[in-house]
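Kindly generate the complete structure, drawing on both the sequences and the hints.
Just so you know, the protein sequences line up as chains A and B, in that order.
Residue 504 in our numbering sits at position 504 of the first sequence, with consecutive numbering throughout.
Residue 1335 in our numbering sits at position 335 of the second sequence, with consecutive numbering throughout.
It should be emphasised that the hints constitute simulated quantities derived from the structure, not laboratory data.
Hints are not guaranteed to be accurate.
Quick partial rundown of chain B residues pointing at chain A, CB under 10 Å, derived from the structure [stated by the list, open to error]: (1) E1150; (2) A1177; (3) P1318; (4) H1354.
Just so it is clear, CB atoms sit at the ideal spot from N, CA and C, and this is done for glycine as well.
Residue-level listing of the chains:
Protein chains: 2
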Amino acid sequence: MADALVVFTPSGKRGRFPLGTSLLDAGRALGVDIDGVCGGRAICGRCQVEVGEGAFAKHGITSSGTHVEERTAVELRFDARKGIAPGRRLSCQARLSGDVVVDVPPDSQVHKQLVRKRADARVIELDPVLRPYYVEVDQPDMHRARGDFERVEEALASQWGLGHVTIDLKTLKALQAKLRKGEWKLTVMVHEGHRIIATRAGFRPDAYGIAVDIGSTTIAAHLCDLTTGAIVASAGVMNPQIRFGEDLMSRISYVMMNPGGDRQMTMAVRETLTAMVGQLAAEARIDTNDIFEIVFVGNPVMHHLLLGINPVELGGAPFALATDSAMELWASEIDMTALNDSARVYVLPCIAGHVGADCAGVILSESPHRQDEMMLIVDVGTNAEIVLGNRGVLLACSSPTGPAFEGAQLSSGQRAAPGAIERVRIDKETLEPRFRIIGSDLWSDHEAFAHVARGTGITGICGSGIIEVIGEMYLAGIIGQDGVIDGALAARSPRVVPDGRTFAYVLHQGEQEIRITQNDVRAIQLAKAALYAGCRLLMDRLAIDRVDRIVLAGAFGSHIDPLYAVLLGLVPDCPLEKVQSGGNAAGTGARIALLNRASRREIETVVKTIEKVETAVEPRFQEHFVAAMAIPHKTAPTPNLAAAVTLPPAKIASREGEGRGGRRRRGA
Amino acid sequence: MADALVVFTPSGKRGRFPLGTSLLDAGRALGVDIDGVCGGRAICGRCQVEVGEGAFAKHGITSSGTHVEERTAVELRFDARKGIAPGRRLSCQARLSGDVVVDVPPDSQVHKQLVRKRADARVIELDPVLRPYYVEVDQPDMHRARGDFERVEEALASQWGLGHVTIDLKTLKALQAKLRKGEWKLTVMVHEGHRIIATRAGFRPDAYGIAVDIGSTTIAAHLCDLTTGAIVASAGVMNPQIRFGEDLMSRISYVMMNPGGDRQMTMAVRETLTAMVGQLAAEARIDTNDIFEIVFVGNPVMHHLLLGINPVELGGAPFALATDSAMELWASEIDMTALNDSARVYVLPCIAGHVGADCAGVILSESPHRQDEMMLIVDVGTNAEIVLGNRGVLLACSSPTGPAFEGAQLSSGQRAAPGAIERVRIDKETLEPRFRIIGSDLWSDHEAFAHVARGTGITGICGSGIIEVIGEMYLAGIIGQDGVIDGALAARSPRVVPDGRTFAYVLHQGEQEIRITQNDVRAIQLAKAALYAGCRLLMDRLAIDRVDRIVLAGAFGSHIDPLYAVLLGLVPDCPLEKVQSGGNAAGTGARIALLNRASRREIETVVKTIEKVETAVEPRFQEHFVAAMAIPHKTAPTPNLAAAVTLPPAKIASREGEGRGGRRRRGA
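Written out as structure tokens, the structure is:
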């Protein structure tokens, strides 16, 4: 027979090809998704497949034996040099000698799907904006005078099917020498399918990108391998702008009081980012020159300061953004010179003066616009960004929750750091507490806890801890719906103590006493009322009373136990199993925009459809706010809440989603 | 009647419009080309028209009187402030009150046609790549959160019909302050119809651009008003790279011998360009910030050095260009920081390793591709670029003529400068010469000449002078077809003198004797043979023996008398009236690319169709070269040549085209 049947799995695509056809050519002809950056030259090894031996009745293949030609010298050389796993073949080298079933393993697919920890989270399909292309370029020829660049363009067209490409002067300048050094073999880094941003002599397809979430308090960055999608290093540091002001308004005030203050803050954040790039590259042991792309999310003030735009307009009505469109730049335009010379920057679009590119990142990560369920997403920081909607409609607002959720301005509050109390239970009979601190999985009533606590100390209470302790105080009757600490209980428990004209609850007695004062409770009531009022405002717009699903995102949002969030009324009622932690959804959104080209156009389109609600000018906001001061709010806890509260600690921990994973280990 | 007839001249477009319609609106609706950058707000004054009074039988208008409403307060205010010529109206303010004929004068047309000195030269239609748009922008509104940039985009769309526009970060950063300073009135500089490169508070439409021809020896630049097309200042300076090497090969050698030499030369030319920009702006009394565009032409080595690309590859076969495409850049990418921050650069495409962007400029200026006549264009410098073709076919090559045509390496040669002999006549009987020097219109036999010569001195002989003297020596029989100076004539004339083993002709006896040696004749023979051989090579390709028209371009080419060019056989035979001077055609091409957007796409397309002929590897080149050493060459002068030679000097002078006009005055 002159041809043979090839069946590719898992796609099921099949066709007949002449004997001697390479499996790669057959696959490509059928539109099978097989990776490869060397153009079938047995250099990259990315096109590996598993060739089924013997008969496959269900595919109609009955003959036994291997029906692919023996390994070629080229393939053997590749194996000797880089290794090919047993049972695998380079599909560019393996040629048909009979009917065969060929499996394309996930790591050999171009459009790899990246698994996220949360089962319900959006799948990230790898299709980065930057792709390496290996080409063999014609040498210059006097009889056919064409420039070096034009011959590269021809090679990209004939060897990869690319259309018109452009090149910037910086990259062009370096091209001559690289072509000659590589003896007319070149790896070309192509951005957005048309822009050559770098070239390298020979075969060198390494390409990395960084996704960055610039928060007011912390900056989180992930270094990703653009060819696999894997996170190869992560870093989180304090935002150096903190020295100019703790929160956004104080930073804007700093600019108003100090001409040039915006430039100082711009320089500060850029310097820190530059240091982070170095740190990430060192951790992953890669060359910073191999980093070609950096994606940013951040709230509007962080966005403007990163870009070097004066943020003062964002400090007062009408809160005018300089731009609400996505930005695409050279990294050098924002002084990010630690990357490749020709690295590009993508900044997600902002939504409104209070609702920034971080919120766009959250939307990309949680993708309410792709779902039927009515979804409420709250990203809680010093401001809370709130998104409500589904496939048909999308609303967003920002609500001024203040810093209490982050542990600030509380008597014993602190940032989430080792030694901070993060989990609390109060015995309803004795009113005695037990708790856990960040850095350990032991509860304070465990015999080994004292040993652990000696290491970090018990230094304060962080955002998730304060939510739990107030929730538990409510469940134990220490505070009522109005939030007032019941002084009468002082007679029953030494934990309830007078504190000026009010009372306090002593959570921990030690070198450093940790107590919850009446003011602390009030601060949390104000914060949660603001959050709840924002949510309600959006729900009012849609005239709905309940949502199908709630995602709690952001540093605080993703660490609180959804149980207590609902119990205290931070968010509207919702079946507990439908309240999830979204982790750093803004950062995940940045990572999606880094790894998937289409997602950029997606979020740019989606943000244009968002209805922005300005809480500051909505009369009903105040109304909702006042009503929501009560605990939980005007509605009683749903029946299943009481049951959930009795769950043993281990089970509650297991409900936590993507956690502070990188920074500490969790037990069962 | 509720409407009226409007007839626009010179276009003849006509239509009926309701009474009260502004003439501008009526004109625009009919597609009449009326200028205006303020959007009909009586600010710019560019939409002025002349309104015909009374009856116009041929247009069917019979009623007498003025049929346009009286001048409005706004129009009177504009008149008081800036003046409106008598008989003119602002078409945005003048409203229809009856049938009327409206003339749109040339200066009120958007697509003004710029007149060139040569009647046969391509008309330049003004349609620059950069246009100012005046807009009134919506103020920010909390209830409709849109960024500043997006509101500008909306204004451009609604007030000017522009589609999607982009903005770079630098320009975006400045936008906020400008919008507020101008109280939401803004002039937006839009590049290529979509890229905002600058904004200004209020109405400020001034925009200038520079066209630059970087020659190996001199750099010539014209500053143009982009809104009128007028040249407002010109400058010419020596190319500072001369200190690294006189000609291209010696500059390339310098780079090969001195690592970093290319960067030195790049810096040198950029510094000189920066100084020129300042000089041009000062001369025209404009702000350098108002210069938004700069267009370059130059040979491949100048092209690469300007862009900072190492030119060494151009020094030897296969003469590989880094790119042969046109380049579009930010001026800052090539350190042109003396212009507006966001100024753009356009560099015309190169054609081959020896045929550069200067030749592309020549083609744009002379436009053989738009003509039916078979046209030969020679741009003579140290190398000659030769273009042959018409609407159907286009060939180009470069020929190594050497520096003799520029007066270099001749015994009395010098560059064209005051004091240099540029015109020569020899009396056939007496062999006595008479001549003219640059800087004066008097012949040396005029009684006042001695007085003139005392000013500048008689310092040498320039390229056009050497061509004439050798031509005249041939006509007078001092040299024969072989170029040998006839020593026997020494007996008849004291002008012919022994000079070593050969003879020389003494052109001027004075403090500094100026003579034409046998070596000088040989040098010119070699140069003209190279030029002629290049021309023939291209003609061979097309299998043609004659051309319809010849244009002599470049510093040398445009100053030689076509008569002597044909007589000596620099170029193939052609009726004298069909041999013209093209002036600095390369520089004119740069100016066309500066002023007419479509011309860029035109030349980019045309150069791709050019067949490049590499003289260095063409066996027939040598053959032609040897044959062309004879004077004139293998063909005798055509009959009309003899007649032409007897023309009085004044008539020859009048045949000169665009001359060194800027540098010296010419008489009748």
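Comparing the hints with the structure gives:
Contact between B:E1150 and chain A, as hinted, is supported at the beta carbon level, the nearest pair being about 6 Å apart and thus within 10 Å. Taking 10 Å as the C-beta cut-off, the interface hint given for B:A1177 holds, the closest approach to chain A being about 8 Å. Interface restraint check for B:P1318: the shortest CB-CB distance to chain A comes to about 4 Å, inside 10 Å, so the restraint holds. Taking 10 Å as the C-beta cut-off, the interface hint given for B:H1354 holds, the closest approach to chain A being about 9 Å.
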